[in-house]
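Chemist: For reference, the chains in residue letters:
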Amino acid sequence: MNALNIKGLTKVYKGGTRALNGINLEVKQGDFFALLGPNGAGKSTTIGIISSLVNKTSGTADIFEYSLDAQPVEAKSCIGLVPQEFNFNQFETLTQIVVNQAGYYGVPRNVAKERAEKYLKQLDLWEKRNQPARNLSGGMKRRLMIARALMHEPRMLILDEPTAGVDIEIRRSMWTFLKEINEQGITIILTTHYLEEAEMLCRNIAIIDKGVIVQNTSMKSLLATLNIETFILDLAGEHQSIALSGFEYRLLDPHTLEVDVAKEESLNNVFEQLSSQKIEVLSMRNKSNRLEELFVRLVESGREELANKEKTQKELANG
Amino acid sequence: MGNRTMIALQTLWIKECTRFLRIWIQTLVPPAITMSLYFVIFGNLIGSRIGQMGGFSYMEFIVPGLIMMAVITNSYSNVSSSFYSAKFQHNIEELLVAPIPNWVIIAGFVGGGVARAILIGIIVTCVSMLFVDITLHSIPIIIITLLLTSILFATAGLINAIFAKSFDDISVVPTFVLTPLTYLGGVFYSLTLLPEFWQWVSKINPIVYMVNGFRYGFLGVSDVNYMHSLGLLVVFNVVLLGFAYSLINRGVGIRS
Ligand SMILES: Nc1ncnc2c1ncn2[C@@H]1O[C@H](COP(=O)(O)OP(=O)(O)O)[C@@H](O)[C@H]1O
Ligand SMILES: [Mg+2]
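Protein sequences, first through last, are from chains A and B. The first sequence finishes on residue 319 if you use UniProt numbering, and the numbering steps up by one all the way, no holes. The second sequence finishes on residue 256 if you use UniProt numbering, and the numbering steps up by one all the way, no holes.
FYI, nobody ran anything at the bench for these hints, they're computed from the structure. Fair warning: there could be bad hints in the mix.
[Stated by the list, open to error] Computed footprint of chain B on chain A; a stretch qualifies when at least three of its residues, placed anywhere within it, have a C-beta under 8 Å from a C-beta of chain B:
1) 50-56
2) 76-86
3) 106-112
[Said to hold, decoys possible] Quick partial rundown of chain A residues pointing at chain B, CB under 10 Å, derived from the structure:
4) Thr45
5) Val73
6) Asn89
7) Phe91
8) Gln96
9) Ile97
10) Asn100
11) Gln101
12) Ala102
13) Ile181
The structure displayed is predicted, hence computed values, not measured ones. All C-beta atoms, glycine included, are put in the ideal place defined by N, C-alpha and C.
Just chain A, with the same shape it has in the complex (with noise of 0.2 Å):
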């Protein structure tokens, strides 16, 4: 069964800005499913979508077969949402949001009140747990979203970039504690903008750009896509087949020859064997790849927030 199906949605906000541009998504019950792309690429406003924070502009969302626009009350209960921004209010306890939160879900008082000891303690906040909620530090503020989200026990739970200016050790322990939620069996969509997350967690992934799914394939043969360069080879003169053992290679024409190789091969070996069959290279390219740019980008975005971050503290520093 699917956790999560998306068809053609389409997001344009009032100023115009058009987020998504008819993405279609499937996520498999049980997965730990990663949304990769960089900032401004849709993310949130999908999310938004799946959990009725946004309105669509046209598509359709199905969560585990519920229909979002027909059966939203049996559809909303599966999801439980740990959104980028904090949405807690400040002024209230630890305690109150949850339980209330499990309250909106139609959970009895009293069955809230044993699951926010549950909850509370798992995510190391049962200390705090009478505190204002504006008393916490960034990182238990992100896991006060992840409690309240399990309140009323989801059978899948999305993240927004759960781990963006959370501290490296916060970030493990958060990434330990969502898999073993998903060993439980709750499905998990996660979204990020750092491949090395969604490489630790993931077993399948959709990365998006400028409101498009540019790929979605399983963690394992992005990974070794990603490690392949294409080169484009003019030969001199006019083959009908070539034989070159060891590589993944297409004849695009008499004259051009495309070869995909892996970054850790050598291509003298590719140069070797040619030769061995007299075919002589004039010239040789690389192969623009979209993914790799994308990941370049992807790697930039991900720079500037240090930077930006590291800029602020400072900035806080000099008062």
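Following the hints, put chain B with the ligands in place on chain A, whose structure we already have.
Modeler: Here is chain B with the ligands on its own, set in the frame of chain A:
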């Protein structure tokens, strides 16, 4: 109505009540003080020189209007500030993601405003009993008018907060519309004292009907027919609740 819906409504309503009770110094004390001042100044000091109005002592005459004034401002401001700050802090999203019918969101917030208005109505009534013996002409009329008025202004506060984009936006209406209409709504005088033209103008002011309806419940006298007051309250409630429902349904101000 499902059990889960009931639990959700109860949760939201209790949360709304907890909110104004937690900040009771800001919410419950000021009206008690303001009303005491009104009673001392207008009732005792000035009122004793005014003599009778509408067949009652001035003090007795203004009590229902003053209670109504507190009910109106408090039901309005409770919902407008609570809903707007839920928008501002984004914790309104806690409700939007949950499987709650939209009418529950409205009922929860409006119910919170009504609870505060009634509580304040009781407080102010108790304060007034220190100054004057209160007569009760018809308790059902008092209760019905109180409920309908507080629901109406709580809903109006909700609509204000739905459209508000800053904290200023939720103080504009109370300052420039509500306060003048209330002061000109016959709290302090009987309309019969006004020249005919101004009597006619006053009858466009809906608050005149609420104040007078409420006064009728206490004293059995009114400048307008009680059935007009009741009819007007019901019509305004239906219109505003319907409007609020359509706004929330479309996600105006809360969903992008
Ligand atoms: N409320 C909004 N109103 C107008 N434009 C928005 C709004 N939210 C997001 N956008 C725009 O939509 C695009 C996608 O944004 P978003 O979904 O937040 O991306 P991501 O989460 O991947 O960083 C961006 O161009 C962003 O500026
Ligand atoms: Mg985002």
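Chemist: Can you name, in rising order, the numbers of the hints this structure does not satisfy?
Modeler: Number 13 only.
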